[in-house]
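Colleague: Take a look at the letters that make up each chain.
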Amino acid sequence: MTRRARAELRILARDPLLLALLAGIALAIAVFVVYPLLRVLLASFQADGAWTGATYLDLAGRRLYRNALVNSLGVGLLVGVLGTALGYLAAFVLTRLDVPCRTLLHYVTILPIVSPPFVSAVSIVFLFGFNGLVTRQVLGLDDFSIYGFHGVVLSQVFTFAPIAYLSLRGVLAAISPTLEDAALNIGATRWQAFCRVSLPLSLPGIASAFLVVFIESMADFGNPLVLAGASFPMLAPQAYLEITGSFNLARGATLAIVLLVPSLTAFALQRYYLAKRQYITVTGKPATSTSKVVGPVTKWILWGLVVAFALLVASFYAVILVGAFTRVWGFNYTPTLAHFAYVFDVGLQSVKDTLVVAVLSTPVSGVLGMLVAFLVVRRRFPGRTALEFGAILPFAVPGTVVGIGYILAFNAPPLVLTGTLGILVLCFVFRYMPVGIQSGIAVLRQIDPSIEEAAQNLGADGITTFRKVTLPLLAPAFFSGLIYAFVRAMTAISAAIFLVSAHWNLMTVQILNQVGSGRLGVAAAFSVVVIALVLVAIGIISLLLRRWSRHTAMVRPA
Amino acid sequence: MTDSITIAHLNKVFASPEGGTVAAVKDVSLEIGAGRLVTLLGPSGCGKTTLLRMIAGFEEPTSGDIFFGTRRMNEMPPNRRDTAMVFQSYAIFPHLDVFENVAFGLHLRHLSGAEIATRVERVLELTGLGGFARRAPSQLSGGQQQRVALARCIVMEPRVLLFDEPLSNLDAKLREQMRGEIRELQQRVGITSVYVTHDQAEAMSISDEIVVMNAGAVAQRGTPHEIYAHPASRFVAGFIGRANFVAAEVLDAQGVAVAGVRLAVAGLAGGPVGTRVTLVVRPEAVRLSQAEEGLRGTVVRATFLGNVAEYRIAVAQAGEWLVEVPNPVENGLFAVGTVVSLTPSAAAVHVLA
Ligand SMILES: Nc1ncnc2c1ncn2[C@@H]1O[C@H](COP(=O)(O)OP(=O)(O)OP(=O)(O)O)[C@@H](O)[C@H]1O
Ligand SMILES: [Mg+2]
Chain H
1 MTRRARAELR ILARDPLLLA LLAGIALAIA VFVVYPLLRV LLASFQADGA WTGATYLDLA
61 GRRLYRNALV NSLGVGLLVG VLGTALGYLA AFVLTRLDVP CRTLLHYVTI LPIVSPPFVS
121 AVSIVFLFGF NGLVTRQVLG LDDFSIYGFH GVVLSQVFTF APIAYLSLRG VLAAISPTLE
181 DAALNIGATR WQAFCRVSLP LSLPGIASAF LVVFIESMAD FGNPLVLAGA SFPMLAPQAY
241 LEITGSFNLA RGATLAIVLL VPSLTAFALQ RYYLAKRQYI TVTGKPATST SKVVGPVTKW
301 ILWGLVVAFA LLVASFYAVI LVGAFTRVWG FNYTPTLAHF AYVFDVGLQS VKDTLVVAVL
361 STPVSGVLGM LVAFLVVRRR FPGRTALEFG AILPFAVPGT VVGIGYILAF NAPPLVLTGT
421 LGILVLCFVF RYMPVGIQSG IAVLRQIDPS IEEAAQNLGA DGITTFRKVT LPLLAPAFFS
481 GLIYAFVRAM TAISAAIFLV SAHWNLMTVQ ILNQVGSGRL GVAAAFSVVV IALVLVAIGI
541 ISLLLRRWSR HTAMVRPA
Chain U
1001 MTDSITIAHL NKVFASPEGG TVAAVKDVSL EIGAGRLVTL LGPSGCGKTT LLRMIAGFEE
1061 PTSGDIFFGT RRMNEMPPNR RDTAMVFQSY AIFPHLDVFE NVAFGLHLRH LSGAEIATRV
1121 ERVLELTGLG GFARRAPSQL SGGQQQRVAL ARCIVMEPRV LLFDEPLSNL DAKLREQMRG
1181 EIRELQQRVG ITSVYVTHDQ AEAMSISDEI VVMNAGAVAQ RGTPHEIYAH PASRFVAGFI
1241 GRANFVAAEV LDAQGVAVAG VRLAVAGLAG GPVGTRVTLV VRPEAVRLSQ AEEGLRGTVV
1301 RATFLGNVAE YRIAVAQAGE WLVEVPNPVE NGLFAVGTVV SLTPSAAAVH VLA
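Chains H and U supply the protein sequences, listed in that same order. At position 491 of the first sequence the residue is numbered 491 (my numbering), and the sequence of numbers has no breaks. In my numbering, each residue's number is its place in the second sequence (first place is 1) plus 1000.
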């Protein structure tokens, strides 16, 4: 150990509680984030108890797996481009242009973020499937197939464009429109002002949004499972099938590693290369000037595009809602409550289980996230960057990889967790912590450290300072982290599908089963229930935030 | 109970972000008597804040010791040192109201609710915040926020009070008023205090003693009067107030020669005849007349400032002097170009070796 590390530990040791907590968190991250990944890596290099690279060679030699890799990458890249373009368009129109219904359009656009993973896939089947409303009833096609490349791309663009929209909204809001004004003022045409000023300034943000969408697309499990079809293999569902269908752990693990590499690469690029290159040109007060780089005609065309997207999103949800109350889509459109009756009868246990897992994992994940942010920003200790990296790593690891890692790691002593509530909760706690951590870090960096020093100075130890000062100041980040963790816990599928059991089952898995057995009505009813629960929870959490931080409007002392 | 502070051979070396190291505090030794208010005064970057933060426990000394009374504090974490610090940014808890801010530290001591209420109310009265208990910090003016920070410290009855440029965010008028209040309050509660500032007027007006720092080391310590009248170095003389530095040669025990003219100097510590010395002549200690004898110079610039007239006077072979003459309304102003005679007061001229 270096002298510096020893000095840091010595200082930390004067606050034993905090040191113990830090050690606990580090250990937990090692066990529940890093260790499962190592197990996947090890499993991919083992066959019949011996070390080998054979599984990789085997994989490379087979058409099916080569196609799965190419397909996943191809879909990921295309969805990345389309999703980012759509997200940029929506962000630009809704932050920069003076157009009607901006708030409404904003909420409709982000709706897909809070919905379970199959909503758009199921809607697409309802609309464009063999018995689809559009394809069969309206257009009368009988040889059109939505399954395959185009279906997956369509569904994923709808699911992930909103993520790009949200992050690009932040990027655009941080670039002062007065810069465009300046360019116009010195004689640039509108097109020049956009291409030479606005676009280059948001380029790092665009690239970053692209990579995030790419990561999400690679990791996506639900859409490909429903829409890819047998002739269009993709990595995440293939890995799942290898394990649950053929019980071939080694091959599943190998596919998982193949899936992990592009995701991690994109993550590393996003975090260590692009993050440092984002421009922030906001100076003090938010500028309210709207963009003048688009003429009136262009403006309404762009707005029309965003409205069209919002209408499509809305129609997807309408279809799900109607589908949930329709006896048999495509054949018998009589209204019925049978699907909901099923959900609240046979499916009730999974509704309860889902809520228990989400309610248990959300606060733990939220508090832990803020604690990690606090430790990383405000304390010096050896291995700080490693801890931060480990804590936000799950963001980049596809759920399929995590799920396989958890069954490999916690199926046998020393830690047997498979089939328990614990494994689901632990999985969700660590998987959905990174977003909270990142917003916590961002907020903390803007809070004057002397506020916390003042608490210490008045006699508070590290934990008390965190509890009484840091956490309340982090309230906005904390609650948005809670919302994120809850939404993801309610809608998770890719890792959870490996971890559910007869005792602990989840609604998303039920949706998948219903889709698999062709009972789309029940799947739609489940989806409606999930969305309703998520919206109620968001309402409750927002209410709590308002009550808890009665002085949130307060600014830092001058 | 309040304590004396003893600092022995304290050093702080930072690893600088560019690589390499910065010696922020260099071999500082100090004793601060119980109940006294000592200011650390010096230019920006001279290590005042670093020294204060080591006393509070926020920075770890690289070497050297800190004692409160006879107890060595080096390993004591900040929350157990029983110091109370007023931060430059006030560091008021934005999520708590005035009362809760002041009560924060008392709660941590697990005092009864009733006792907390009495103590907080008493201190709020003392600091003129009586009517503001339920205000949120954002609803207070800068001066009021400053008082909350002060009240939050005083209510703890700490062993040591620490101030890091507590007035630097206030406007000039309020600054003068608050420094009076701080001084009065400190004397009333009698808590040993260390006060950091780079404003010499502030230091002069509130300190029992001033420690002038330069580049991490102590340049001089003494009462405001000692420091002003007998600066130990050119740096101290220049930093505390304004000064003319005049090259001179010792003639005998009572006089020196400046540009060939004899000036009387009191308390010339000796030194052999012919030694070259530097005189510190304060601008207000020079009398101007139109007599045709002694040291003479030409007025280069004359500025009317209301309470004083400020002159720049070019003196042959003795550089340009800054001279302040009081009450120009009554005494009138010498015009630019006038030749005047300069007579420094023998008692006020200080000789640097
Ligand atoms: N954490 C740190 N890491 C590296 N260098 C530091 C650190 N803190 C202070 N320094 C350096 O130590 C020196 C002394 O800093 P300090 O803050 O004590 O100055 P100061 O006298 O309080 O100045 P000011 O009047 O501007 O507040 C400066 O050169 C500063 O750059
Ligand atoms: Mg300072």
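Since the hints were derived computationally from the structure, they do not count as laboratory data. Each residue gets a CB set at the ideal place from its N, CA and C atoms; glycine is no exception. You may find that some hints are simply not true.
Taking CB as the label site, the calculated pair distances span [what the hints assert, rightly or not]:
1) U/1122 <-> H/467: 51 to 61 angstroms
2) H/13 <-> U/1135: 31 to 41 angstroms
3) H/449 <-> U/1234: 50 to 60 angstroms
4) H/272 <-> U/1242: 50 to 60 angstroms
5) H/543 <-> U/1184: 44 to 54 angstroms
6) H/186 <-> U/1184: 36 to 46 angstroms
7) U/1139 <-> H/548: 12 to 22 angstroms
Pairs of lysine to aspartate or glutamate, DMTMM-like flavour, derived with a Cα cap of 25 angstroms [stated by the list, open to error]:
8) U/1026 <-> U/1209
9) U/1173 <-> U/1292
10) U/1173 <-> U/1284
11) H/468 <-> U/1082
12) U/1173 <-> U/1208
13) H/299 <-> H/181
14) U/1173 <-> U/1115
15) U/1026 <-> U/1208
16) U/1026 <-> U/1226
17) H/468 <-> U/1100
18) U/1026 <-> U/1060
19) H/468 <-> U/1115
20) U/1026 <-> U/1199
21) H/468 <-> U/1097
22) H/468 <-> U/1059
23) U/1173 <-> U/1157
24) U/1026 <-> U/1075
25) U/1026 <-> U/1065
26) U/1026 <-> U/1165
27) H/468 <-> U/1157
28) H/468 <-> U/1199
29) H/299 <-> H/98
30) H/468 <-> H/448
31) U/1026 <-> H/8
Colleague: Against this structure, judge whether each hint is valid.
Modeller: Going through the hints against the structure:
1. U/1122 <-> H/467: 51 to 61 angstroms: violated (28 angstroms)
2. H/13 <-> U/1135: 31 to 41 angstroms: Because 40 angstroms falls inside the window, the suggested range holds.
3. H/449 <-> U/1234: 50 to 60 angstroms: Because 37 angstroms falls outside the window, the suggested range is violated.
4. H/272 <-> U/1242: 50 to 60 angstroms: holds (53 angstroms)
5. H/543 <-> U/1184: 44 to 54 angstroms: Check passed, 48 angstroms falls within 44 to 54 angstroms.
6. H/186 <-> U/1184: 36 to 46 angstroms: Hint violated: Cβ distance 59 angstroms, outside 36 to 46 angstroms.
7. U/1139 <-> H/548: 12 to 22 angstroms: With a Cβ separation near 20 angstroms, residue 1139 of chain U and residue 548 of chain H satisfy 12 to 22 angstroms, so the hint holds.
8. U/1026 <-> U/1209: holds (20 angstroms)
9. U/1173 <-> U/1292: It is violated: about 44 angstroms lies between the C-alpha atoms, which goes past 25 angstroms.
10. U/1173 <-> U/1284: Given that 25 angstroms is the threshold and the Cα spacing comes to 24 angstroms, the pair holds.
11. H/468 <-> U/1082: Cα-Cα ~19 angstroms, so holds.
12. U/1173 <-> U/1208: holds (23 angstroms)
13. H/299 <-> H/181: holds (17 angstroms)
14. U/1173 <-> U/1115: violated (36 angstroms)
15. U/1026 <-> U/1208: holds (23 angstroms)
16. U/1026 <-> U/1226: holds (23 angstroms)
17. H/468 <-> U/1100: holds (11 angstroms)
18. U/1026 <-> U/1060: holds (14 angstroms)
19. H/468 <-> U/1115: The hint holds at about 21 angstroms.
20. U/1026 <-> U/1199: holds (22 angstroms)
21. H/468 <-> U/1097: holds (13 angstroms)
22. H/468 <-> U/1059: Between residue 468 of chain H and residue 1059 of chain U the Cα gap is close to 23 angstroms, so the pair holds against 25 angstroms.
23. U/1173 <-> U/1157: violated (29 angstroms)
24. U/1026 <-> U/1075: Given that 25 angstroms is the threshold and the Cα spacing comes to 20 angstroms, the pair holds.
25. U/1026 <-> U/1065: holds (13 angstroms)
26. U/1026 <-> U/1165: holds (21 angstroms)
27. H/468 <-> U/1157: holds (22 angstroms)
28. H/468 <-> U/1199: Roughly 35 angstroms separates the two Cα atoms, so the pair is violated.
29. H/299 <-> H/98: Holds. Residue 299 of chain H to residue 98 of chain H sits at ~9 angstroms (cutoff 25 angstroms).
30. H/468 <-> H/448: The hint holds at about 16 angstroms.
31. U/1026 <-> H/8: Within the cut-off at roughly 22 angstroms; holds.
Going down the numbered hints, you'll see the structure goes against 1, 3, 6, 9, 14, 23, 28, while the others check out.
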